[in-house]
Amino acid sequence: MSRPALCILIVLGLVAGPGLADGFLTPLGSIAADQRTHLIRVTAITMIAVAPVLIGVPWLLWRYRRGRKGPYRPHFEFSVPLEFVMWGVPTLIIIVLGYWLWKATIQLDPSDPRGPDPLQVQVVGLDWKWLFLYPREHVASVGTLVIPVDKPVQLQLTTDTVMQSFMVSALAGQIYAMPGMVTRLGMRADRTGTATGENTQFNGEGFADQKVQVAVLSPKDWQDWMDAARAGPVLDAQAYARLARRGNLADARKTLGIADGPLRLRLGDDGLFRHIVQRYHQGQGVSAAQQPGAPGYRPQGEGS
Amino acid sequence: MSPWFGRLNWWVTPFSDAIANPNTNNLVAAGAAALVVVGALFTLYFLTRRHLWGRLWHDWLTTADHKKIGIMYVVLALVMMARAVIEGVIMRGQQAAVLHGGFLSADHFGELFSTHGTIMIFFVAMPLIIGLINIAVPLQIGARDVAFPVMNQVSLGLTTAGAALVMVSLVIGKFSTGGWTAYPPYTEAVFNPGVGPDYWIWAVVISGFGSMLSGINFAVTIYKLRAPGMSYMRMPLFTWTALCTAIMLIYAMPPVTVSSLMLALDRNLGFHFFTNDLGGNMMNYANIFWMFGHPEVYILVLPAYGVWSEVASTFTAKTLYGYTSLVIATMAIAVISYTVWLHHFFTMGQGNSVNIAFGIATMVIAVPTGVKVYDWMATLWRGRIRMTVPMVYLTGFFILFVIGGLSGMMLANPTIDYQVHNTLFLVAHFHNVLIPGVLFGMLAGIHYWFPKVFGFRLEERLGLWTAWLWIGGFCLTFLPLYVLGLLGMPRRMPSFSDPAYAPWVLIAGFGALVLLIAMIMLFVTLWVSARHRDRLAVPLGDPWDGRSLEWAIPAPAPEWNFAVIPRITAREAFAVEKARGDPYTRPTAYQDITLPKNTALGASICMAATLMGFALVWHIWWLAALGLGLIPGALIVRAFVRETERVIPAAEVARAHDAWLDAIARAAGVTRDAETETANRGLAAPDE
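Chains as they are written, first to last, in our numbering: chain A, 1 to 304; chain B, 1 to 688.
Hints may be right or wrong, so weigh each one.
To be clear about the criterion: a stretch of chain B counts as covered by chain A if any three or more of its residues have a C-beta under 8 Å from a C-beta of chain A, and this derived list gives those stretches [what the hints assert, rightly or not]:
id	segment
1	12 to 25
2	100 to 110
3	317 to 324
4	343 to 350
5	370 to 384
6	397 to 403
7	409 to 422
Everything labelled a hint here was simulated from the structure, so no lab data went into it.
We put the CB at the ideal spot given by N, CA and C, even for glycine.
Only chain B is shown next, with the shape it has when bound in the complex:
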């Protein structure tokens, strides 16, 4: 080990492996690494060629605007999703080809399912929900920004640092093969002395801090920054779910940070928390990890439930059915989700009473979840349903999510879990709740709020294609896994020899290709819509005949969000104003608006944390100390900045807002018949 470079040397890249031993497995690894390197180089070239560095720095990387931070979260999630979906397709391909030998080594397959899971949970699902909450919540509650705009930037920086580590692991060294849960003792230094588990640990620890800070930020924002008159029971449902998710982030992230750090102490400093010898016990790891792990799935799915509530009432042109029920159900889910974690290891050999208690608690969650689904159905009842893209996702959610719920009820029974635990049945179940639940919810949310932050709608026709491809691809890929699981096929299998599995594995492999096409179509939709943004523009701000506050302002939303902070007198305030016939009232007076100045704090902490994480992985101790020191250093430097806010003069606000109000006065609204046509400029006309 060199004092300057730690465990690092020239022979740790997939390129050196491929040169030394050019088989299919190593060429696939080298190809993936090359893709990352070429992608990074192309991005650098593109930014330089188009002279975009300045804009990137000033408009994005140093901004404290919640909408832009939200967009950056979503972009991060989509980039990471591209990698993780491709990994999923490669794994399905390996299994589909396995009776003919497959093309990957067992270790490479292990890396694939470990990065796939880690990325999908920590760097796709989490940034998606945090991004969407960032975009929508301040607008829904009538706030100018989140409570701590600079900390928001730091959260993004830490999440990005974690994602960067996972990307670097593709090029330098190898990632863990211990799965996204990294169970010891397999991940202990005795069994896995390499850098893989360290990459996992530091990616999760660093991004975990970011997520916890996001939780604090959103909770305080919702508690303190609601517009006057917006009592808790007037908040839109998405804000309610965001509040529950925020509280859960605060309490659920520390356990995983702690269990990962304990594992790091075992690996690096000879501790014995989870080792085989000297009193270590891996059961403690499973216990602590799932104290995070189970609430985590509700952290992810609650904001999706929020999206469904918004989408269902908006696109049926109805008041949301059962608001109070939905709020109670959301809170109930958030609380009960902390009492079920043991169902992830019913098979660990503990007594019946424990298993029974946690099994029943698990089933109890189905009650509030069922109520929510019925509430959305009651919202559709006697509505005027428009089958727009978010509604197609909602349809897919309805039909598929209850199947996931059904398999969840089965798994809640310890007796059945003894048979299907650790099999593809379990894999089918959690993809069945995470894809139709979280992913469809987030994609519906992106379609729904996209015009609010970018000022133009997404192409409807392409969006519909994408949605149906996701739904079809999901069914083909994951429903066969239920059968495979019942046949006893374990998860994480690089190969198998039972020909009875083959037809189902082949269908799943084909389904994975459909999902890949669905993802490509998603990017095509974004690209084509951006090209046609003039035709799709909705500058007047209300393309869907929306019901909550965010639709009462221009699109894209101005950086100050609301020219004048609204006074709220009812739930679904904007819908009430429109029904009364007095939306868009001209304010009597404008005031100066104070907004946070740009700062490089988030970007600095992102760099420092990435360096620190990389150095800890490779045992480059001086660099780790430097990275660790730079973080408080950056905070101290920031503390000396006296001017942290800038003022937007009332006159400028008045000019922009009056111009928008004048445009509305001149414009003719469109009915919902023309919702997806060019005529829709974002002013809704009453239906009859």
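If we strip away everything but chain A, and leave its shape as in the complex, we get:
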């Protein structure tokens, strides 16, 4: 790490204080760490072009202000060497940065599962909460994402409402989640701890509350968590239809009848995620009454 880069990091650390704990500036995993390194690298290289302006402009304004009787060349309008520097240096910087951009983008590809046999987690964005399905474990959770440390994790994301963007800054950044489509986000935690996940794409009234607690647990703790979840209420198509209705975590808690503790469930329908994605591709319309994020949503079995 270069010296200016280190300085930037220290300054950021000082100004942000404890608030850094959650973000990618104090990462929980290697992806976020690499993203931070890349940020510092880009900043440092770009400063080669920016610093001359920050230093040069005040100097020029001071040196050549009227009345100071500095040298005056009213017809100075072209200089070949200067042109080479002005076009050449930024071009070289862009070539270097372009190379790094290319490399980093491939290296940090969000659809890369970050290792063999990743833990599969299916993520469903709802208004205004996130639902996580662990199909192999037959577990589901709302508002909490638990992953084991040192294991590759592949999230598959969709929504059953408007477009959202799922971000866990300390682990991997964000990816859009869209109805009828599946996007992927790979992550891998290097140490245990907690982080915040959030929706960053405005989706109405409960947007600000749409947070996720992300817990990175030891393999044993994680297994215990999964076992406990399987003892919880069952999430099947009917329960999902009620859960999906507009509302925040407190509303979800009421719907699921879980008074306290994490909202964890036994996944009763392994095909739930596929069903959520597929139902927008049936060749027939999906009315407002069938769209969970819509104000006119009426889950089946309830009167209209």
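Put chain B on the given structure of chain A with help from the hints.
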């Protein structure tokens, strides 16, 4: 739904909400609506009381004079800016107060950021640049008016109609909460059945047509109406940037018009372009919208670059450094800006190769932009710099814009974008380029050209205060947002619970107040300067020792601009004449001048388009059809007008011009030492 009034009824105003449920949120909304109503009523009263209707109609609303149309654009922009800045302050206030509960509902906050963004882009930045181009370009190229003066009026009418719809939404119904980009499916009828997204759609569609027509008008003006001898490479840089902006307006406005109309078809006629079901796909919307959206930011910033080129050389008393470089850089930016739009949605899940290609293209734009900044620095080198108001704005631009460029380089990297996309880091970045770039550029341009159209300078001291307040307010408001974004705070948050955000949000809230004071100071500067216009008058026309053609005519510029169309023999023609010692040569003969007659076409189309837009929002179909029909109707009626031009006799031109030349012959010029003093009547004396 009533056949006569559509969705309209008595219970759609914020007043009825406030009566039904008088909480802080509803009272704020009702207060804002009351402000609009009282403002409109006061304006009507004032115009009636002072018997100004006739003058307003004859001198302004029906004129085809490019200078007056330009002024009306700027006035529209300032009125809309007053609203949008206040909205920004309220949003910052909400976030600053949020740990204590805040005072706005989430939906109201959503309306605020949606109108703030929509107004700032479409009804502040756009009218500012189009207004300034209108004022300056015909004067810079030695033309009597734009190529299509009546169409110019129509453009203004359509832009005003869009702005009117946004203002009406404050009083009748509610605006969209979908942000200035109005991403579906959130804005689809399934999720937002109300009138909000419709207000957004019709305001953007109607004003978009106006902007596209402006683009055509300016491009043709610059291609066809340059004075003899003014080859492309003799055009002032502002005209060059105006040309690029004009071409970009022609190609960039249609995508947003199309995507908005597709959304309207979805909402009103059951189409499925962007819906969740039946093959709709919101990714198409993002794609089309940003094909407009990214060129748009360069449409806005290029004219500001033009202003900097004029200001830098004028106030350093030097030839502009690197003219050819600047022209090439401007053209390069205009072209490359069409190849980068995908960087607005790196996080949509597409493959690496696409992201890499668009990421690198985005960074490539930094090369010509950097060259421009260095060229202006080289212009300062070995100059004689006068720290007038436009130079203070230029200083703020230099220092702050490169910081915006730096954050832009970060955002161009998909890898980093995954972390800071949709956060306040992004908000900080685009305000960082739009305020020091576009807004400072336009304010510098207003200060610079103000005497040319009004005949008097703006108060220097107040102007300096205003400029420093804008710069300070910007730093306090937007630099903390970078930190908040890196901490992961999403944009558009009506509330938050992380105490780590609090100090930064409080600083930004204080900064917003400074920006509010800066805006008030801007209006104070205009007001005080108008009061002291005799002391500030520069009738001889050249208050800044200018270099291009517009400074070689009286101030205010006569309606015919040039008594005799000049013959151009060099770049910076006026500076060359002054250096040679033969400016202000008396023409040997004058000719009659033909100018377009006043017409009510623009005002009629403005009314018709406003009615149509309002009716479409509220589903009052008969009124929508009527409004739509009135537009071609007005054009047909106009086609029957045989006498569209009036002639100003040569004798009248000669009288005015000779009187001005005589005044110059009698006057003593001032050196740049007295530039900002009363002695400056607009005749520049050589420095030594």
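Outcome of the hint check:
1. Coverage of the segment 12 to 25 of chain B by chain A is violated in this model, with 0 residues showing a Cβ closer than 8 Å to a Cβ of that chain against a need of three.
2. Residues of the segment 100 to 110 of chain B with a Cβ under 8 Å from some Cβ of chain A number 4, which satisfies the need for three, so the listed coverage holds.
3. Only residues whose beta carbon comes within less than 8 Å of a beta carbon in chain A count, and the segment 317 to 324 of chain B has 8; three or more means the coverage holds.
4. For the segment 343 to 350 of chain B, the assignment as covered by chain A holds, since 4 residues bring a beta-carbon within under 8 Å of that chain's beta-carbons and 3 suffice.
5. Residues of the segment 370 to 384 of chain B with a Cβ under 8 Å from some Cβ of chain A number 12, which satisfies the need for three, so the listed coverage holds.
6. Chain A is given as covering the segment 397 to 403 of chain B, and this holds because 4 residues of the stretch bring a CB closer than 8 Å to a CB of that chain, at least three being needed.
7. Only when three residues or more bring their CB closer than 8 Å to a CB of chain A does the claim for the segment 409 to 422 of chain B stand; here the count is 11, and the claim holds.
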